[in-house]
Amino acid sequence: MPEVVVSIGPHHPALKEPVNFKVIADGEKIVRLELDLSYNHRGIEKAAEQRDFVRVLPLMERVCGICSHAHSTAFAKGIEEIMQLEIPPRAQYIRTIIAELERMHSHLLWLGVAAHLIGFNTLFMWTWRDREAVQDTVEEMSGNRVHYGMNEVGGVRRDLTPAQVTAALERLPNLEERVNKYVDMVNNEETMLLRFRGVGKLSKEEALRYGTVGPTARASGIDYDTRKDDPYLAYADAPWNVVTDTQGDVYGRTRVRVWEVQESLKIVRYCLENLPEGPIRVPAPKNAPKGEILSRYEAPRGELVHFIRTNGTDKVERVDIRTPTLANWTSVAMCLVNQNLADLPVIVAAIDPCLSCTSRITLLDNQTKKTGVITLDELIRRSRSRDLGQV
Amino acid sequence: MAVPAAGLSQRLVNWARMKSPWITIFNSGACNACDIEIIACLMPRFDVERFGILVKGSPRHADILIVTGPVTLKQASRLRRVWEQIPEPKYVIAMGACGAAGGAFYGLYHVMDCVDCVIPVDVYVAGCPPRPDEIINAVVTCLNLLHEDVAHGGKEWRQKKAVPFTGTDTTTCRVMP
Amino acid sequence: MTGPLTLDVVAGKMKEFGISEQVRRNRIRITTTPDKVHETIRTVQAILGFDRLITISAVDNSRTFELVFHLTGPHRMVISIAVELSHDLPAITTVSDILPPAAIYERQIHDLFGIVFTGNTNLNRIMLNEDWPADEYPLRKDWKPGPDTFYGGIKVERS
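Protein chains in written order, with my numbering: chain A, 1 to 391; chain B, 1001 to 1177; chain C, 2001 to 2159.
No wet-lab data here; the hints were simulated from the structure.
Keep in mind that this is a model prediction, so the values were computed, not measured.
Once the Cα atoms are required to be at most 27 Å apart in a straight line, the calculated DSS-like pairs of lysine-lysine come out as:
hint, chain 1, residue 1, chain 2, residue 2
1, A, Lys-201, A, Lys-181
2, C, Lys-2013, C, Lys-2036
3, C, Lys-2141, A, Lys-286
4, C, Lys-2141, A, Lys-315
5, A, Lys-228, A, Lys-201
6, B, Lys-1019, B, Lys-1155
7, C, Lys-2036, C, Lys-2015
8, C, Lys-2144, C, Lys-2155
9, A, Lys-315, C, Lys-2144
10, A, Lys-315, A, Lys-286
11, A, Lys-204, A, Lys-228
12, A, Lys-228, A, Lys-266
13, A, Lys-181, A, Lys-266
14, B, Lys-1019, B, Lys-1056
15, C, Lys-2155, B, Lys-1155
16, A, Lys-290, C, Lys-2141
17, A, Lys-290, A, Lys-315
18, C, Lys-2144, A, Lys-290
Here chain A stands alone, though its shape is the one from the complex (with noise of 0.2 Å):
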């Protein structure tokens, strides 16, 4: 029986991937699990002793281009609790507007990815159409798609106009729409259930065992979400609920991921009709005291945490960055072990890997044979294949 080694590239499993790659899999079954994180490792931490406090953000949010403004944040925030700085409340529920509209745009593009690997092209197309109404928003409010570059240590940098309150208000109605639609797609669509169910299954003992974070811990009925166990900017606030599911599959973490657009976006309502006035940022010293803070932000992947020790002047000693993909690479591993070679790209999509954040998996068996070669394409292609008999 042949055995064949998958390389799964850089990229996240939707897009598709350069050059060959050697596949080495015991028949169809997954044996083991390696990681490679190296191509994408850049030294950001060791960057971030160098640089001040202003110089810093940018690079924190440029950690990833999906969950930018949680690394900045989480930064910015643990500084913030060094110096004891009390940001004032519109500052709060500005970052807590932008923190949830990021949430939104990338569980609608996880959305996407996912049906784009069960060959659900149309699926892909509307999440994503949808997806540029959230984009259009953070845009007027900040300038820019992603990488907004709206915190700073000691408050936002940009302030909320009355009139671009009112365009993402009137926005946000026909997005509810569609994600109800989703909500329900999700609860019936055919092609889905088939591939998703049972797909990647993780009980709750197993996911908390692993260190599991975020909607794939959620969706195994542990209700983990830093927003309500460690409460932060205008969580505590706004009305909202922690969703949990039971089934702890893909499925499961389809649906977890569904719900939670919808209570972003009541969230974001919340914030919007009671946006405090006030100052928008306090003068922040230039250096931070002797400290240390473990800053925990509730990114859309997961748990992110953010060790900072500081030690008087105006540069970090350390920042740890513990990002929410690398806690899950240890639940992922386990259960894909196993499984089907044509259901990896969708349990690995499941846990909605941060490019930036990770990056390589091979796939290694202790007993190599033969070798073979096939692309990912292939891979894809028989992922898609599979729910109508043919491999």
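Starting from the known structure of chain A, fit chains B and C onto it as the hints suggest.
Same frame as chain A, now just chains B and C:
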């Protein structure tokens, strides 16, 4: 060098290339904002597929290579290999601030900082990330370049002449002072 | 677990492992020694109900390395177990046998700092490329890139 008048089949090929350029993307360690913006070009809002622009997985099918990210040390040789596999005439678009000079990651210890050291670049797009409109503009610029290159009989007319260099410019790995 | 997890409860139960202090409304920090770390983590899992590892952070304090293990549990408190290692031969027993997610964090720390986690069989390269020289650890404070060392990438020659 006198350019012979192009025959019918050559003119047909040139027309096909200009009317339907196929693209391949190479992510050389980016934060992925640029990649998402490229995919957004294919989506109903900007919809470049109606222009015949397709994103292909294999470099052997592509006319244009789009490089995102500051080239990390790990990806440098792979980028070179991918570029070598693209058949002529090929064009390279280096996206964003990272493609120009490393962007926010200039000077970090695991990046090479310039796409230009690894492969010759034809078009730079500014932005972090560039908007889909700007990306489409870059592809159109490439097509204009193709048009001009066909008229001049190749790319040599616009490539810089090799300048004598007194040493080996190896990958430098530096940390900002 | 009856009652809220307060500093007194934690300090009382963890007395033999080290000193506890409340550093934040929901975070308690215990400073302990390298040989007691495994035991400490087992105790907080068993007695105090911390069932999830958040992360393992490493800091270079110029003369020592400091490792901090952060755990949380259903009571939503966070405990940080801090330990200092010597700069010359930093080594500590792995905790990945009692906390499976620790394996990947230990691998990352080993790659960037050079701290050895004895018992962890998979301390291969994860963050740095395969051409990176074997005993250079970029996140150490005293590391500077050597002008003639090859760190990976490709050599570019111009003629």
